[in-house]
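Enquirer: Letter by letter, the chains look like this.
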Amino acid sequence: MTDRELIEGCIRGDRNCQKALFEKFAGKMKVVCMRYVNNHEDAEDVLQEGFIKVFKYISKFGFEGSFEGWIRKIMVNTALTKITRYSYKEEVALVHSNMPVYDYGDVIAEMSAKELKAFINALPDGYRLVFNMYVIEGFSHKEIAESLSISEATSRSQLLKARLALQEKLKKNKIAYSHAG
Amino acid sequence: MQDEQFDDLIRQKLNSEEESVSAGLWSRVEADLPVAKQGVFNRSLLWLLLLFLIPAGAGWYYFTSNQTKISSLEGNRSSKQKVISNIASEVRNTDDKTMQNNSVQSSDHNTLNNSIESNSSQIKYSSNANSTISANNNTVSKTLEPTYAISSTTNFNNQVENSEWDLLNPIQASLPEAASSQALISDKPTLEIKKTKRGIRVFADIYYAPEFAQHTRDLGSSSPAYLKLRRNTETNIYSHSQGIRAGVWLSTNFFFKTGIDMFDMNERLSYTFIPGMGNLPVGMRIDSINGYYINPLTNALVADTIVGSVNSTGEVIISNHYRFVNVPLMFGWRFNKGLWSIQSSTGIYMNIYSGYKGKIIHESMQSLIDISSTSTPYKQNIGIGFSAEVIATYSIFKNIDVLIGPKYNYHLSDISRKGAPIQEKLSSIGMFSGIRYNF
Numbered sequence: 476m477t478d479r480e481l482i483e484g485c486i487r488g489d490r491n492c493q494k495a496l497f498e499k500f501a502g503k504m505k506v507v508c509m510r511y512v513n514n515h516e517d518a519e520d521v522l523q524e525g526f527i528k529v530f531k532y533i534s535k536f537g538f539e540g541s542f543e544g545w546i547r548k549i550m551v552n553t554a555l556t557k558i559t560r561y562s563y564k565e566e567v568a569l570v571h572s573n574m575p576v577y578d579y580g581d582v583i584a585e586m587s588a589k590e591l592k593a594f595i596n597a598l599p600d601g602y603r604l605v606f607n608m609y610v611i612e613g614f615s616h617k618e619i620a621e622s623l624s625i626s627e628a629t630s631r632s633q634l635l636k637a638r639l640a641l642q643e644k645l646k647k648n649k650i651a652y653s654h655a656g
Numbered sequence: 027m028q029d030e031q032f033d034d035l036i037r038q039k040l041n042s043e044e045e046s047v048s049a050g051l052w053s054r055v056e057a058d059l060p061v062a063k064q065g066v067f068n069r070s071l072l073w074l075l076l077l078f079l080i081p082a083g084a085g086w087y088y089f090t091s092n093q094t095k096i097s098s099l100e101g102n103r104s105s106k107q108k109v110i111s112n113i114a115s116e117v118r119n120t121d122d123k124t125m126q127n128n129s130v131q132s133s134d135h136n137t138l139n140n141s142i143e144s145n146s147s148q149i150k151y152s153s154n155a156n157s158t159i160s161a162n163n164n165t166v167s168k169t170l171e172p173t174y175a176i177s178s179t180t181n182f183n184n185q186v187e188n189s190e191w192d193l194l195n196p197i198q199a200s201l202p203e204a205a206s207s208q209a210l211i212s213d214k215p216t217l218e219i220k221k222t223k224r225g226i227r228v229f230a231d232i233y234y235a236p237e238f239a240q241h242t243r244d245l246g247s248s249s250p251a252y253l254k255l256r257r258n259t260e261t262n263i264y265s266h267s268q269g270i271r272a273g274v275w276l277s278t279n280f281f282f283k284t285g286i287d288m289f290d291m292n293e294r295l296s297y298t299f300i301p302g303m304g305n306l307p308v309g310m311r312i313d314s315i316n317g318y319y320i321n322p323l324t325n326a327l328v329a330d331t332i333v334g335s336v337n338s339t340g341e342v343i344i345s346n347h348y349r350f351v352n353v354p355l356m357f358g359w360r361f362n363k364g365l366w367s368i369q370s371s372t373g374i375y376m377n378i379y380s381g382y383k384g385k386i387i388h389e390s391m392q393s394l395i396d397i398s399s400t401s402t403p404y405k406q407n408i409g410i411g412f413s414a415e416v417i418a419t420y421s422i423f424k425n426i427d428v429l430i431g432p433k434y435n436y437h438l439s440d441i442s443r444k445g446a447p448i449q450e451k452l453s454s455i456g457m458f459s460g461i462r463y464n465f
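Residue numbers (this note's numbering), protein chains in the order written: chain A, 476 to 656; chain B, 27 to 465.
With the rest of the complex left out, here is chain A (with noise of 0.2 Å):
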C-alpha cells in the first residue's frame, strides 16, 4: 500500500490504514523524539500523542511535500510542548568563528550514529535544540522561530554556533583519536 493510499485511507477513519501508519512511521519517529526528550517512557509519550494529532489533523495535509517532514514536524511540536517548561535561553559560550576549513567526510564517517548523537547531546541545550530542528528534521528558520518564540535572526546565529561548536567537538575527538592511534 503506497503512502498515498495510507493516507487517504486514514482521512476514512479506516482503522487498518492508521494502524499500517502508525507501524510505518512509528520507529522512525521514536528517534525523533528521543532527540528532544531525555528517555523512552516520555518518547513514548510525545510519540502518542503525537499521532493523534496526526490522525487528527491528517485530513489537512494535502499531499504537498514530503509526508515524512510533515509528521516529523507534528512530532517536534508535540514534543516541544511536552518540555513547555523550556523556555529558550539563547546560549551564549564563545566558539570560533574563523575554524580553518577542516574535511569532516572522513571523521564523521568513521563514526558510529550512537556516537555522533552523544557529540550532539552534549552541546549546549539552545544549540542543540535548534541544530537538530533545522540539520535534521528540516525545519526552516522561520518555523523554528515560531516554534520556539525567538526571532529567525537568533534561530540562524544559534544554528551557526551550534554548528561551529560540533565541528570543533569533532575536530579534537579526531585529534585525539589520532594520538591514541
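Please keep in mind that the hints were generated in silico from the structure rather than gathered at the bench. One thing to keep in mind: the hints can contain errors.
What the hints assert, rightly or not - Capping the alpha-carbon separation at 20 Å, the derived lysine to any residue pairs in SDA-like fashion look like this: (1) A:LYS548 with A:LYS646; (2) B:LYS39 with A:ARG603; (3) A:LYS589 with B:LEU40; (4) A:LYS646 with B:ASP33.
Stated by the list, open to error - Partial list, computed: chain A residues near chain B (C-beta under 10 Å): (5) MET504; (6) ALA584; (7) LEU634.
Just so you know, even glycine gets a beta-carbon here, dropped at the ideal spot from N, CA and C.
Following the hints, put chain B in place on chain A, whose structure we already have.
Expert: For chain B alone, kept in the frame of chain A given last:
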C-alpha cells in the same frame, strides 16, 4: 567544507535510524482515537433505529393489543347473537295466550311497557355497535315479543357487554355499579374509538431553553490546588439548549418521547492578579502589557498563550465553549386533560457528540492546555445522563400547544477523561419553552 555539506553528512548518518517502540503503544494511540468511521456509521444507524423502533414498537404493541381485544369481542358478539336468536325463537314458539295469562297481569302492563321502552333504547344503542344484532333486536322490539323474553335478552346482553368493556377499560370497570347502567353503556362505543386512536397518537416538540450549568468537581483528587483555583475562578457558566422531540401516547396520560438535544455551554474563567506585583494567587505571572504568560519558576517568557485579554485591573479572562448533542429517552405522565396540562417526564439521555473549544489552565498551573485538541483531558463521548422536565402545556389552537417549564440535566459520569487532573461532572437547570404539534 561548506555548511550544507556538513549538515548533509550529519542528516544522512542520523536520519536512517529507527527505534523499537513498546508493544502496547498502538493500543494506547488507538484508545485515544475517535471511533473508526465504519463504527460511527454503525453506531449512528443503531441510534436511528432506536429512535424510531422504541416509540414505534410501543405504539404497535399498544395498538395491536387493543385490536386483539376488539376482535375477540366481535367474536363474542357473534356467539351472543346466536344465543339471542335462539331464545327469541323459543319465545315465538311459546303459546301467546298461556304467556299472557300466566305471566302478565294487567297491573304489570305499565311496568312492562316501561321496561320495553327502556330496553328498546338499549337495543337501539346496540344497533349502533353491531348491525346484525340491531336487525334482530329491532325485530324483537317491533313485534313486541313477551316482556320477559326481551328482558332476559337485554339482561344477558348487559352482562356480557360489561365484561367486554371491563377488558377494554379497567378504569371504567372499577367504577361503582351505579354508574355502569345506561349512561355508562351509552359512552362505551365512543371510548372504544378514542382508545384505539390514542394508541398511535404522536406529537412533535421544538424547544429552546436558556440554562445555567455547573461543574461539580472532585476536589480530593490529584491536584486539589488546581481544582480549587479552577472552581474559584469560574465566574459564570451560561448555557442554553435547543432541540426537537417526538412523542407517542402509550395510554390516556402516559407518554414516551425522544429526539435530539443540542446543549451549548459557555464557561468564563477569570484569573486576577495585582498589576505591579505580578503574582497570581497560584504563582502565575502575567505580563500586564502584552498578556504574556511568564513561567514563575524560570521567570522566562513562555508565549502569548493566554486566550482572552488582560484588562486594566489585571484580570485575565478566558472563555471556553462546550457543546454536547444528546438523545433523550423519557417517559412521562400528564396530570390534566383540559386546555391546560402539567406533564412531568424523566429518563436518560445518551451523549452522541461532545466538543470543546478554548483553553484551561494546566494542572501544573504553569501553562494552559488547548482543550480543542484530542489530547485534552475531556472525553469525546461523555456517556449517559439523567434528565427531568416538568412542563405546563396550553392549547392555543386545535393541534398546537405552547410549552413552558423547568428542565434539569445531570451527567452520571465524569465529562473528563479517567485519570485526568480534573474529574468533573456537569449539571444544568433551565427553562424549557417550546411549541408542540399534536398529530
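Enquirer: Hint by hint, note whether the structure agrees.
Expert: To see whether the hints hold, each was checked on the structure:
Taking the CA atoms of A:LYS548 and A:LYS646, the gap is about 31 Å. The hint is violated against a cut of 20 Å. Note on B:LYS39 and A:ARG603: the hinted pairing holds, with a Cα-Cα distance of about 16 Å set against a maximum of 20 Å. Pair hint A:LYS589 plus B:LEU40 holds up; C-alpha atoms about 9 Å apart against a cutoff of 20 Å. At roughly 15 Å between alpha-carbon atoms, A:LYS646 and B:ASP33 fall within 20 Å of each other, so this suggested pair holds.
Interface restraint check: A:MET504 against chain B, minimum CB-CB distance 9 Å, threshold 10 Å, status holds. The closest approach between the C-beta of A:ALA584 and any C-beta of chain B is roughly 8 Å, which is under the 10 Å cut-off, so the hint is satisfied. Interface hint status for A:LEU634: upheld, as the beta-carbon distance to the closest one in chain B is roughly 9 Å, under 10 Å.
In summary, the structure is inconsistent with hint 1 from the numbered list given earlier, while agreeing with all the others.
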